[in-house]
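Undergrad: For the protein sequence lines, the chains are A and B, in the order given.
At position 196 of the first sequence (counting the first as 1) the number is 196 in the working numbering, and the numbers step up by one without a gap.
At position 266 of the second sequence (counting the first as 1) the number is 1266 in the working numbering, and the numbers step up by one without a gap.
To be clear, the hints were calculated from the coordinates, so they are not data collected in a lab.
Be careful, since some hints might not be right.
Unchecked claim - To give an idea of the interface, some chain A residues facing chain B are shown, with a C-beta separation under 7 Å as derived from the structure:
1) Tyr-43
2) Thr-62
3) Pro-113
4) Tyr-172
5) Ala-175
6) Pro-177
It should be emphasised that the depicted structure is a prediction, and the values quoted were computed from it without experimental measurement.
Beta carbons are placed, not taken as given, at the ideal position from N, Cα and C, and that holds for glycine.
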Amino acid sequence: MRSHGRFLYSSVICALVMGWLAPAPAVAQTAKSRGTVYANGGYQTGTESMTVTGTIVANADTGSFTSTFKPKSGTSIDVGGSARVWKALSVGVAYTTFSADGQPDVSAEIPHPFFFNQPRSVSGQVGVSRSEKAFHIRAVFTSAPGKKIQFSAFGGPVVFSVTQDVVTGVSYSDAYPYDSATFASASTKQVSQSKTGFGGGADVAYYFTDHIGLGASATLAKATITTAQSDGTSLSIKVGGAIVGIGLRVRF
Amino acid sequence: MRRAMSMRVRVSVRLAAAVACGVLIVQLHPHGQAQTGGRSGVTQVKATAAADVRTWDAYVTQGRRSGDLQLKSSTVDPLVPGRTAERFQQRYKGVRIWGADIVRDSENGVTMSIFGALSPEDLGLDVVPTLSIDQGRAAMLATGGAGASLLSVPELVIVPLQDGTHRLAYQALEAATESLDRVFVDAQTGAELLRYSEIQRQQAVGSGTGVLGDKKKVSVLANGGAFLAYDTHRPPTIETFDLRGNLARLKLLLFTSTTASISDLASDTDNIWTDPAVVDSHVHVSWTYDYYYKRFGRSGLDGANGAINVAVNGVTQDGALSVGSSDFFTYSLNAFWCPAPCGPTKEGVMNFGSGMPAGYYYTGNGRRYTYFGGALDIAAHELTHAVTSYTSNLIYQNESGALNEAFSDMMGKSVEFFYHAAGPGVGQADYVLGKDISRAAVAGALNGDRSMANPNLYGDPDHYSQRYLGTQDNGGVHHNSGIANNAFYLAIEGGVNHTSGLSVTGVGSVNREQIEKVFFRAFTLLLPSSATFSTARAATIQAARDLYGVGSTAEKAVTQAWTAVGVF
Chain A
1 MRSHGRFLYS SVICALVMGW LAPAPAVAQT AKSRGTVYAN GGYQTGTESM TVTGTIVANA
61 DTGSFTSTFK PKSGTSIDVG GSARVWKALS VGVAYTTFSA DGQPDVSAEI PHPFFFNQPR
121 SVSGQVGVSR SEKAFHIRAV FTSAPGKKIQ FSAFGGPVVF SVTQDVVTGV SYSDAYPYDS
181 ATFASASTKQ VSQSKTGFGG GADVAYYFTD HIGLGASATL AKATITTAQS DGTSLSIKVG
241 GAIVGIGLRV RF
Chain B
1001 MRRAMSMRVR VSVRLAAAVA CGVLIVQLHP HGQAQTGGRS GVTQVKATAA ADVRTWDAYV
1061 TQGRRSGDLQ LKSSTVDPLV PGRTAERFQQ RYKGVRIWGA DIVRDSENGV TMSIFGALSP
1121 EDLGLDVVPT LSIDQGRAAM LATGGAGASL LSVPELVIVP LQDGTHRLAY QALEAATESL
1181 DRVFVDAQTG AELLRYSEIQ RQQAVGSGTG VLGDKKKVSV LANGGAFLAY DTHRPPTIET
1241 FDLRGNLARL KLLLFTSTTA SISDLASDTD NIWTDPAVVD SHVHVSWTYD YYYKRFGRSG
1301 LDGANGAINV AVNGVTQDGA LSVGSSDFFT YSLNAFWCPA PCGPTKEGVM NFGSGMPAGY
1361 YYTGNGRRYT YFGGALDIAA HELTHAVTSY TSNLIYQNES GALNEAFSDM MGKSVEFFYH
1421 AAGPGVGQAD YVLGKDISRA AVAGALNGDR SMANPNLYGD PDHYSQRYLG TQDNGGVHHN
1481 SGIANNAFYL AIEGGVNHTS GLSVTGVGSV NREQIEKVFF RAFTLLLPSS ATFSTARAAT
1541 IQAARDLYGV GSTAEKAVTQ AWTAVGVF
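Build the full structure now, drawing on both the sequences and the hints.
TA: Structure below.
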């Protein structure tokens, strides 16, 4: 999983460099098109892991739980377009979606019913999901070294809207003499928040005709959302990631 | 009057409008799904928005004027400064409507929210009962079965029923042997209309402070608005009865057929227990049960998880200054196991004395005593007497009696070592019995009442040749126990018997579990009820062989220990 991420990040950086190093004469040719729209099927890397903590009040005592969730990489949809505003410079928008399900580990310290400072450790997993929707506003610099090839580099703010299942508690079973407990399940709630981050990337397209082509793009977009947890601490949710995709290109 | 009626109409119109707009949440009462005569069900009031609050505030004001709402309580909110919650009882023609009340929460006179459950204003009921109160009482008792009694005077009320109707009824709290019910009978016909249990029990854990000021968890039962020292976390119920200084009541429960009621149980309102006698007696007996279960797999006193009962505060500490000598030494400066049919439930009971007030000491030995339940070894000692009575049933006199006492001491210290770190201090585990609650008050006095490591220090024999042969104390059962106690100590820790000078190689404190199991096996399974010290020697050696093999370290330690104390 980590090597996947490295590969994608490398791809993004390479694409950015390629885009910016594209030959200058192409600018005059791309200036002929008024804009581009595209639709990609892609692959997004999982973001960094998210650790949720909370307290368990039971047996006249306070325990705790911790859950760590690292969204797995998965498919994403990426659609957008741009319109030329000046020479090789365009303004564009894009919309990307990404969702990831997972079974994060949940561990908890359950207060003992008979003794203080003798919590029972339990652990298990719970199913959670994340859904990310991102709206990208971009400045796009386009370069076309030939009639059929077109490079683009883009960057700008990204508004993320995220819905994330967050663990809020742990249920367990125990029996006399209560020196151990068994994880039963974990309760979750959906946290939905929005945050503006930043994204950038590059695109290369090959046009079969004057208007229709295929392209590949690499994008890196990220933001960190902070929300309050039940135990008073704050929870950081890092959203976005590296996205690579291929799909249809239409220029007009 | 006209003005009041006008106000009432306005309020009703506002309410209707509010309901129509969905502003107020109106539900049928859980017991009222279809009102007869087209009446609506009980209205649930949940007014938090400003407009709703104003509407219901006017309703409350008008209701107070008309007498339909009567102020029941006004409580200053302990959590939110400036807030006061007023609770109003709904009445119909002056008769209380059961379960119909409304609460107005205000801040410095400004109403913030109103919640309530209200019956319709026009019930169309005749509130003149056909039955008298006595006839109502008789009707209740007739349906309550044998042994039922009323704990309150029957009250004329209007009760909403499940079919949505309201009836004029008498209600009272009715107790029977195993039940505590709220009962309603029709005030016109005497027919029972409604009955439900008032025993609202739920397993709970509280916290409490023990005799030594230590914080402990207390296994209790939530019952209504209170918490009872009634442990249902463990396989047997463990109940602690608080006699609250009523020695006469304790004696009734101990020695007559009188059984306890729920009010005899120790209770607390906030589940933060502050009576150290209750806390420690309840908890230490529970821990002892756990020790027996974890160490030996034994299920309680009788091996079948029979109920365990504890009694405290038969005499308070201050009361110890005024009771007679006999009661003083039995109920104040003592703890004892009274077997079945003794006790609150006639299943036996462990009674723990409360000791004496601070500043007083017993001149007989120069020690001051506090709550006996505060010493874990004493609690375990008493519970072990019960175990003995259900197993070998060692006869409580002469050598078998001394063995009986010694076994309680052995298990008492074993439980202490199971839970506490080893050490000579208060709250630590060592071989001095009762030192946590029996402390030297004058120069030269000793902490605790007996020593297993050095019985001579407390005037007890550590060698069979020193045994007491008189008739006092049932043949010196608390005295001659020192011989077996020292054998137990030497088998674990090793060392030299002070009288014989013989040395013993013990199993070592890290292996104390071996000797505990050897003595447990011998004293509960192998010994006859009239066992002598010599029989105890043979039985423990055999137990060591059974458990750890012939020639085992445990067998050698036990054999050497009995030899060292002069028992063959």
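Undergrad: All the hints need checking, so say for each whether the structure fits it.
TA: Do the hints match the structure? See the list:
1. Tyr-43: violated (48 Å)
2. Thr-62: violated (12 Å)
3. Pro-113: holds (5 Å)
4. Tyr-172: Because about 15 Å separates Tyr-172 (chain A) from the closest Cβ in chain B, which is outside the 7 Å limit, the hint is violated.
5. Ala-175: violated (10 Å)
6. Pro-177: Result: holds, 6 Å to nearest chain B Cβ.
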